[in-house]
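Q: Here is how the chains run, residue by residue.
2 protein chains.
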Amino acid sequence: MHAIVVESADQLTWLEVPDVSPQTGEVLIEVSAAGVNRADLLQAAGKYSPPPGASEILGMEVSGTIAAVGDDVTGWSVGQPVCALLAGGGYAEFVAVPAGQVMPVPDTVELRHAAGLPEVACTVWSNLVMTAHLSAGQLVLIHGGASGVGTHAIQVARALRATVAVTAGSVTKLDLCRELGAEVTIAYRDEDFVERVRAETGGAGADVILDIMGAAYLDRNVDALATGGRLIVIGMQGGTKAELNLGKLIGKRASVVGTALRGRPVTGRGSKSAIVEEVTANVWPMIAEGGVRPVIGAEFPIAQARAAHQLLASGEVSGKVLLRVAD
Amino acid sequence: MHAIVVESADQLTWLEVPDVSPQTGEVLIEVSAAGVNRADLLQAAGKYSPPPGASEILGMEVSGTIAAVGDDVTGWSVGQPVCALLAGGGYAEFVAVPAGQVMPVPDTVELRHAAGLPEVACTVWSNLVMTAHLSAGQLVLIHGGASGVGTHAIQVARALRATVAVTAGSVTKLDLCRELGAEVTIAYRDEDFVERVRAETGGAGADVILDIMGAAYLDRNVDALATGGRLIVIGMQGGTKAELNLGKLIGKRASVVGTALRGRPVTGRGSKSAIVEEVTANVWPMIAEGGVRPVIGAEFPIAQARAAHQLLASGEVSGKVLLRVAD
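Note that the protein sequences, when read in sequence, are chains A and B.
196 is the number that numbering that gives the first Met the number 0 gives to position 197 of the first sequence; each next residue is one higher, with no gaps.
32 is the number that numbering that gives the first Met the number 0 gives to position 33 of the second sequence; each next residue is one higher, with no gaps.
So here's chain A without its partners, still in its complex pose (with noise of 0.2 Å):
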């Protein structure tokens, strides 16, 4: 088969590589799309090395077409369309994946754009209603508001029924969320985050932050908490480390918490496959209802790997960035 071969730092090149099966457990999907992720930046940089076991190829989501089935696999066939939260693989023709880490695709989804829908889904819902708690009438804020993982973080608290609150650098994409649902548009560079979410809350602040920023936004966003606020830390675009105040966190009875995907167990508790099996439970439904959809922001076929990080790299895009792996 073909894959994207890093042979060296940021030289992405298309090449034949050995075949991959499925082991007891898994999944062999014929690759139709795969998803563009952050960490696959750093991985093509160098600056990530896979955990021992996984495979060296970048790409953490794919669709595609269910092409075989290992030993102990029940519930999936050959031939079926699916997508896959994956712990590397997927810029490939073909990628193994534990069973559980696989999702049908949406009925209402074209096959290629559910690609796009793997790390998103399981992000959004594993952060903000397994871990904080997000209900019906609080107010979340999204920094990044027109990413990928913050346009459907506007969509899944909606159909929560939270209020919406969302940081982003440019008309068009403040624009963009505003068109998702978001009801608070926040330009981060003309306007102070604190000041505005407190003025939309009577004070208050808000309930849920789903922070991209890390060290550069800490003590910010402690700011912006309400009581019993839960700061959710899921980048670190702006640094890693900064200076915490304790005195406002106790103040609040608030909590900090920094969260990943990647590093979590295939089954048991917190893991991909329960955080699978919850989004296809409650998110895949709301896909099919309508209130919920990919947003799609570029496609590249994969031999332009390179571009398509670039592009993501820039931060020129909104939604999702795409590859191509088959017609």
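Pairs of lysine-lysine, DSBU-like flavour, derived with a Cα cap of 35 Å: (1) Lys240(B) - Lys251(B); (2) Lys46(A) - Lys240(A); (3) Lys251(A) - Lys247(B); (4) Lys240(A) - Lys46(B); (5) Lys251(A) - Lys240(A); (6) Lys46(B) - Lys240(B); (7) Lys247(B) - Lys247(A); (8) Lys240(A) - Lys247(B).
Which chain A residues face chain B? A few, computed with CB under 8 Å, are given here: (9) Gly213; (10) Val232; (11) Gly246.
No lab work stands behind these hints: they were computed from the structure.
Where a beta carbon is used, it is the ideal one built from N, C-alpha and C, also for glycine.
On the provided structure of chain A, position chain B as indicated by the hints.
A: Chain B alone, transformed into the frame defined by chain A:
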């Protein structure tokens, strides 16, 4: 009636003050004893002002006998021995308190000693169980294991079938912790608690940490956490501001939570009444069965409140410090 009046910073005098009476929904308690808390020391030093509407009188917990019952109170009657969590007013002959913050005195506990239960029981249950979801088989690290909160936390955690590690500053204190059920006792002056917790858990770390040191321990507490671990900060004896490494937090999918009892509302979700209800339902049976007992380190007559404060501030006491108001 008489109460302790703060005449100037740390000048605590037993003086005649206006009588109190129960408002609608309140119970009037004739105080037998009052518990001493670190928040009282801050307030006596002029570093804490009670919120609007709360008593200016020190004292966040008492035991005593119900002397009168306000309108709309059911389930309590004059003459009943009780203890209560207060917003203030405990260093006095009488105190009025919302009925939802009143608890019966457990059968096996002396009336006076029950004054040492409300703060520790509500603090420990709200943090270890309602916030951190400590469960059987998990390891909890309790800093200041010989403190009032620490001695109670050890016993409750053991009753929940968790494994208990503690830090403390002397052999005497560590012996008390061991006697109460702590399996891992760490002399923090001589040993690195991070290394010790890792060694005791095969490198995994603590599932829950109950911390009173704040800034001074923040980074090392994060180091000592297990994957999915919860750091609960309830005190800031080591300062309020410290660098937080979000990369470590994300790598462990861990959380830092700040909490306090005092600012919580009287009723509703996460309120004092909600906590008191859970404590009465869950901790009082542990006391009745003998698994949990009040640990009283010292008792003073109420007129010697200043000496009681000095003893607590010195760190030279284990368990709770009580003030006797009536014999």
